[in-house]
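Asks: Now for the letters of each chain:
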Amino acid sequence: MSTLLRATELHGLVVVTLGGDEIADVKDVVWRAAGGSVLGFTLNKRGLFGGPMKEVLTWAALHWVGPDAVMVPDATVLVHRDDVTGAGGAAGRGGGDVIGDDVLTEDGRRLGRVVDVIIEVEASGDVVGYEIEADEGLRSGGQRVLLPLPDTLAVSGEKLIVPAAAVDFVADDLAGFGAAVEQFRTQLRTGTS
Amino acid sequence: MRFTEALKREIVDTSAASSIGRVAGFVVDPRTHAVTALRVKKADHDILAWDDVSAFGVDAVTVDTAARIRAPHQGVEADQPSLLGHRVLDERGVEHGAVDDVEFDPESGTVRYLLTSREEIDGARLRGIGTWAVVVSV
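As given, the protein sequences belong to chains P and G, one line each in that order.
At the far end of the first sequence sits residue 695, using the working numbering, and the numbering has no gaps.
At the far end of the second sequence sits residue 1632, using the working numbering, and the numbering has no gaps.
Treat the hints as calculated values from the structure; they're not laboratory data.
Please note: incorrect hints may appear among the correct ones.
Said to hold, decoys possible - Part of the chain P face toward chain G, derived, beta carbon under 8 Å:
1. V516
2. V518
3. T519
4. L520
5. G521
6. D523
7. E557
8. A563
9. H565
10. V567
11. G568
12. P569
13. V572
14. M573
Stated by the list, open to error - Simulated DEER-style distance windows between Cβ atoms:
15. G:S1631 with P:D585: 25 to 35 Å
16. P:G678 with G:H1567: 51 to 61 Å
17. G:R1612 with P:P575: 25 to 35 Å
18. P:R691 with G:T1526: 44 to 54 Å
19. G:T1526 with P:D584: 33 to 43 Å
20. P:R691 with G:T1498: 49 to 59 Å
Given the structure is predicted, the values throughout are model-derived calculations rather than measurements.
A virtual CB, placed ideally from N, CA and C, is assigned to each residue, including glycine.
When you get a sec, could you build the whole thing from the sequences and use the hints?
Replies: Following this line, the structure appears as structure tokens:
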């Protein structure tokens, strides 16, 4: 587990081929139906009058996602949006559209409100955590912290329910968050505490 | 030798012993990491293939006949942007400033280093030269 990115940082990123040509801008992140990973991106045309494109970029087709660009092998990896299945829909519920949702633990404690989604770049766009604006009691109110998520988390209702143990692995920045997610998930799998 | 040193160097036709233009730019093949042609400042920007250069000398570039200067082929020769000043992006989507200069071997044309304000990037890391950026491997 290494490179972590905030989903909001992806909006507007330029899509560049390994040949060095820019082919699109990222419009929106499209989440898999269960919200546990990124399916791909919808795109805008480059330039002043760039509108939405019919083509989309799937996570499986891209080369790498960095802070300054989304790298793709070449322009042929873009596919028509109708040819992609499994999308939760960028706007619909049940996807990763969780910004603003309340986070509760299984034992009924409110932790805060989701402000961003943390994505692991190497492992197929896995959602590994949420950035939340913490409630009093977790941290001083309003402070932003990173909350790790289990391997599988179905996003369904209007509230997000996480295991109580997630509180023990809250991190303040992305640097140590990868390790925290790993430990949290290992603990859930082995059932130790 | 560096691109900035080699720019504007006189190109001399050795058969006629006359000047036929000046070096105005470089075409680089990112797959072979080598200069494949010189852009020649003449009436318009024409091309002198690297293989047609007799010698890339300290004071002048020599060529056996002015007839070697030709129009650019479609594709890379016609469209490739200049490396100098171009944005550098690695294949993991991280920017590395812009190309300040390029160190190349005047014998073979091989690109040794791309020089940015921050670092020397080995020419073997060159992956692509496109409209947006020079892409290098990590």
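Asks: In ascending order, which of the hints set out earlier in this document are inconsistent with the structure?
Replies: 7 and 8
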